[in-house]
Amino acid sequence: MLRVRNLRAGYGGVEVLKGVSLHVDAGEIVAIVGANGAGKSTLMAALAGLLRPQAGNVLFEGREIGGKPAHLVAARGCVLVPEGRQAFPDMSVRENLVLGGYLRARRGERTAVREDLGAMLGMFPILGRRLDQAAGTLSGGEQQMLAIARALMARPRLLMLDEPSLGLAPLVVKGIFATIVGLRKAGNTMLLVEQNARLALSVADRGYVMETGRILLSGPAEDLARNRDVQRAYLGKEYRRIDD
Amino acid sequence: MSMIYDEKYETMEREALSQVQLERLQTVLLRAERNVAFYRRAFGERGVRTDRITDLSGLADLPFTTRADLRDSYPYGMFAVPLRDIVRIQTTSGTTGRPVVVGYTRNDIRNWSLCMARILAAGGVSDQDVIQIAFTYGLSSGAFGFHYGAERLGASVIPASSVSVDRQIAVMKDFKTSVLACTPGLALAVASALPGSGIGRVDLALKTGFLGAEPWSEGLRRGLEERLGIAALDIYGLTEIVGPGVAGECPQRSGLHVNEDQFIAETVDPVTLRPVPPGVEGELVLTTIAKEGFPLIRYRTGDLTTIDASPCACGRTTARMKRVTDRLDDMITLGDVKLFPSQVEEALLAVQGVEPHYQIVVDRVAGMDVLEIRVEVSETLPGLDEMRVLQRIEDTAAGRIEAAVGLRPKVTLVEPRGLERATAGKRRPVIDRRER
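Chains as they are written, first to last, in the working numbering: chain A, 1 to 244; chain B, 245 to 680.
If you are wondering where the hints come from, they were derived from the structure by calculation, not from laboratory data. Just so you know, even glycine gets a beta-carbon here, dropped at the ideal spot from N, CA and C. Don't take each hint at face value.
[Stated by the list, open to error] The following residues of chain B were derived to be distant from chain A, with all beta-carbon distances above 12 Å:
1. PHE308
2. ALA437
3. VAL581
4. ARG632
5. ASP639
[To be verified] Covered stretches of chain B, going by a simulated chain A footprint (3 or more residues, C-beta under 8 Å):
6. 257-269
7. 510-519
With the sequences and hints as input, model every part of the structure.
If you want it as structure tokens, here you go:
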């Protein structure tokens, strides 16, 4: 579904992504794990069209989306749930959700969008209880659910989740990840960027380990979780010598 | 019945496979550069920037790794992870110098099992089978690859290493072995010992043999299949790369399917070292793209083959390598004649009255290279003691070999079982007495 080759991107002359290649097949959860500063969020921004790549290819369902603006990428069905949720704080939960289906509504799918709104409230009952509340008054976990629900309102082909666990209490994170597993069972394809590697790899099919803008390791999520380098990386330790 | 064990990677579209190969190649280059001093230096010397390898053709810009490089790194110099992450150590035989030491992480062992499970399943092995593994369980890797693959498929494993040929046959009969994994040399020893053992082919449940670890000819395959009543399939691998598990035959027998999601296979001209086009014979060069403990970039195997990436009738899309019948190391040069043991083997298989148990002796007499072939006569030969008969066999054999290699050897007949038998180890059919 998504095929990325040799992607390079950065900010103000500083190259952050130094040739990233990865792919996501339909129906998979693919996790990108790595330490803070590895380039995970830059990768998401480049894939979502928020950052113009300097080189490389991003093929989404066979068509090049690298360098296309965010709204066109989203219109193709490649939808980002950004880091830090970024709901519109002054708008109500309902308005935020409706906004997620905006492009579809404009395409004349109003009825379907209305039905999906109902489905979202079924999936996230807490949002139903907060429908007319301003999004800014929701808790962090509720805002994350809103952000995911808003993205789902666009009926994405690929859902890209950037750090969904960031800043949330463990119990809330558990709920978010249960939602992700549920979405996969319902046939959704997801690319998941997470600092919490253990958690991400526990729900993913495959994974990539990023380090300083490049992919260091890839493989089945269970293999990566077992890799001692990965385990150590998240303890913040470095072992270089053979007798370490 | 044979099945495709791992549909996803064995039947992947070539385009998708090349994406997987590129992704994994890029990661292994990064890990090799970071963690293996040899590669950091080799890339540096050639001015290779690993982040500029943007497609598979970029492989051609990377330096080769040779067996000498691996020996120089003895024992742990090429490991890409700390020793505490290594769960297994195997070595090459080291008969011609320091052995090469290979380390496997837990994931490496899992991938090895997966590769062998695919190959065994392609040859029809399932949980219904009893597999007798007659490779040596020891420092060299052969037995373990089969062991892991067979266990993964749920077959019943008999680890039958380091026992006599007679004992192998007894186990085979009593335990109803259906699959035999061993060297062609041992399979031949079993076939030769069977008539005198009181155990007939019909007393055995044997249906398939997976033979490898040394080159063997098509003629020997036909002979073994007939004498043991089996399908004899070829497998390919080498300890430096993983052990058995690099490639194996499917029932189509149109080459060995390479586990291409784990290994990238190239063929290069052994002299110029430039890649040769598909279908042209060259030296096989392998790059491990999934290994953690002991990744190798462009390892020169010394084996001659051709690669065919066209789809196979079995449904697999992985490229096939032609059976390796010759190793560059085994090439014998006499004056301007070059020959391989496989040519002698093929020629002898066509001679009535001899067994394919043979030895090639090269010597220098009065400044001239001479070639002698020692070969066992068949026990069943009538008129074994008649000089005339023996003379005629020698002449026929010498003529056949001359036709094959362009040089008439001296043929010496040896009595049945007169030559050393291979057990689990490899045959060493060439004795070179010339001073080097």
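Verification of the hints:
1. No Cβ of chain A comes within 12 Å of the Cβ of PHE308/B; the nearest lies about 23 Å off, and the non-interface call holds.
2. Every CB of chain A lies more than 12 Å from the CB of ALA437/B, the least distance being 44 Å, so the non-interface label holds.
3. For VAL581/B, the non-interface assignment is confirmed: its Cβ lies about 47 Å from the closest Cβ of chain A, beyond the 12 Å cut-off.
4. Remark: the non-interface label on ARG632/B is consistent with the geometry, its nearest Cβ contact in chain A lying 67 Å away (cut-off 12 Å).
5. Distance check for ASP639/B against chain A: the nearest CB is about 60 Å away, which clears 12 Å, and the non-interface claim stands.
6. With a cut-off of 8 Å between beta carbons, the segment 257-269 of chain B has 6 residues touching chain A; three or more are needed, and the interface restraint holds.
7. Counting residues of the segment 510-519 of chain B whose C-beta sits closer than 8 Å to any C-beta of chain A gives 0, which falls short of three, so the coverage hint is violated.
Hint 7 from the list above is the single one not met by this structure.
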